[in-house]
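Trainee: Sequence:
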Amino acid sequence: MNTFQLDCFLAVAEYLNFAQAAQALHVTHPAVSQQIKSLEKELGVRLFERTTRSVRLTEEGMAFLPDAQQIVALSRRAAKRFSAGLDTPMETLSIGCYSSACMILMADVLADLRAARPALHPLLQTIPFRHIYQWLERGDLDAVLGFREEPGTKINGRFKEFAKVPVVCVCARSHPLAKAETVCMEELKQEKLVLFMPPKGLLPVIRLQGQLMGNRPPSEFYFCQSTEAIVVLVMAGYGISVLPDFLVPDDPMLSKIPLKDIDPMSFGIYYQTLQGKPGLKALIQCAREFFESAAPAAATEIPGTHPRAD
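Residue numbering for the sequence shown follows numbering that gives the first Met the number 0, beginning at 0 and increasing consecutively.
Just so you know, the hints here were simulated from the structure itself, not pulled from any lab data.
Quantities reported herein were computed from a predicted structural model and do not represent experimental measurements.
Do not rely on the hints blindly, as some may be mistaken.
Okay, derived cross-link-like pairs now, DSSO-like style, lysine-lysine, Cα gap no bigger than 30 Å in a straight line [what the hints assert, rightly or not]:
1) K191 <-> K163
2) K178 <-> K276
3) K191 <-> K255
4) K259 <-> K276
Across the chosen pairs, the derived CB separations fall in these ranges [stated by the list, open to error]:
5) V44 <-> L176: 25 to 33 Å
6) G138 <-> P251: 29 to 37 Å
7) S292 <-> V44: 35 to 43 Å
8) T27 <-> Q224: 27 to 35 Å
9) A114 <-> C183: 16 to 24 Å
Where is the CB? At the ideal position from N, CA and C, for every residue including glycine.
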């Protein structure tokens, strides 16, 4: 295994297109194909499912992705360290999230973190929900940013809450509901719905979606694989959705209406330990200060299924 093989793998994983990956790497299409075949033979697994029309990562390819990213990052970091001299220490912090919208929320927090720890290099990754806590457990991530999972969810770690987030009905500004101050679930049961395609995180939201779906015909639902896709279809008038307020952008084409009698969701970060991770400690401190100043609330630490002492 060499770094060129890994560069080819990462490029194909990014573009899901061998020709575009080859163009980005300034090599030929056959060269990329050969490197992927060689890597798959060495690992003994198929990394991509390929047809004449599409390319997608296999489960094995998805599992290998963080390893490849880390190996390439370490290789490049080592080379840069010596080219720049040894007087510039560099600290990394790997943060995963299954919604890029959550990452955007952290921009101000990361700005404060940069001021507090200028040598820190954050590595932000959007990872499918079904893999993200496995990556945390095996140490490929320092932390997972998102909403607290429901009791009974097996997560090997601890949870630090940053804020309580209300759940809102999201609709186009032109929708009749847009003028309402609040809505209840009963008022939404006749609306066409734009929903998460399971399996996903945010189980409390998926449960609300299930209540709204009832026994209605499939023609009244539009399923999406991301929050961003949901927002686009809602803007286009295909239906309404229910989401945590933080995940919905402030946009003149959208209305966000609080849902009555629905508990807010806990937003924060999962991690395994703070020992030996000053960057993670600094991130948590910056986040707590930012969210407390935005909406004063005591952040709490909640043990996961298998808590670890810090």
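Trainee: Run every hint past the structure and note whether it holds.
Mentor: Status of the hints after comparison with the structure:
no.: 1; hint: K191 <-> K163; in the structure: holds, 28 Å
no.: 2; hint: K178 <-> K276; in the structure: violated, 47 Å
no.: 3; hint: K191 <-> K255; in the structure: holds, 16 Å
no.: 4; hint: K259 <-> K276; in the structure: violated, 41 Å
no.: 5; hint: V44 <-> L176: 25 to 33 Å; in the structure: violated, 49 Å
no.: 6; hint: G138 <-> P251: 29 to 37 Å; in the structure: violated, 43 Å
no.: 7; hint: S292 <-> V44: 35 to 43 Å; in the structure: violated, 48 Å
no.: 8; hint: T27 <-> Q224: 27 to 35 Å; in the structure: holds, 33 Å
no.: 9; hint: A114 <-> C183: 16 to 24 Å; in the structure: violated, 44 Å
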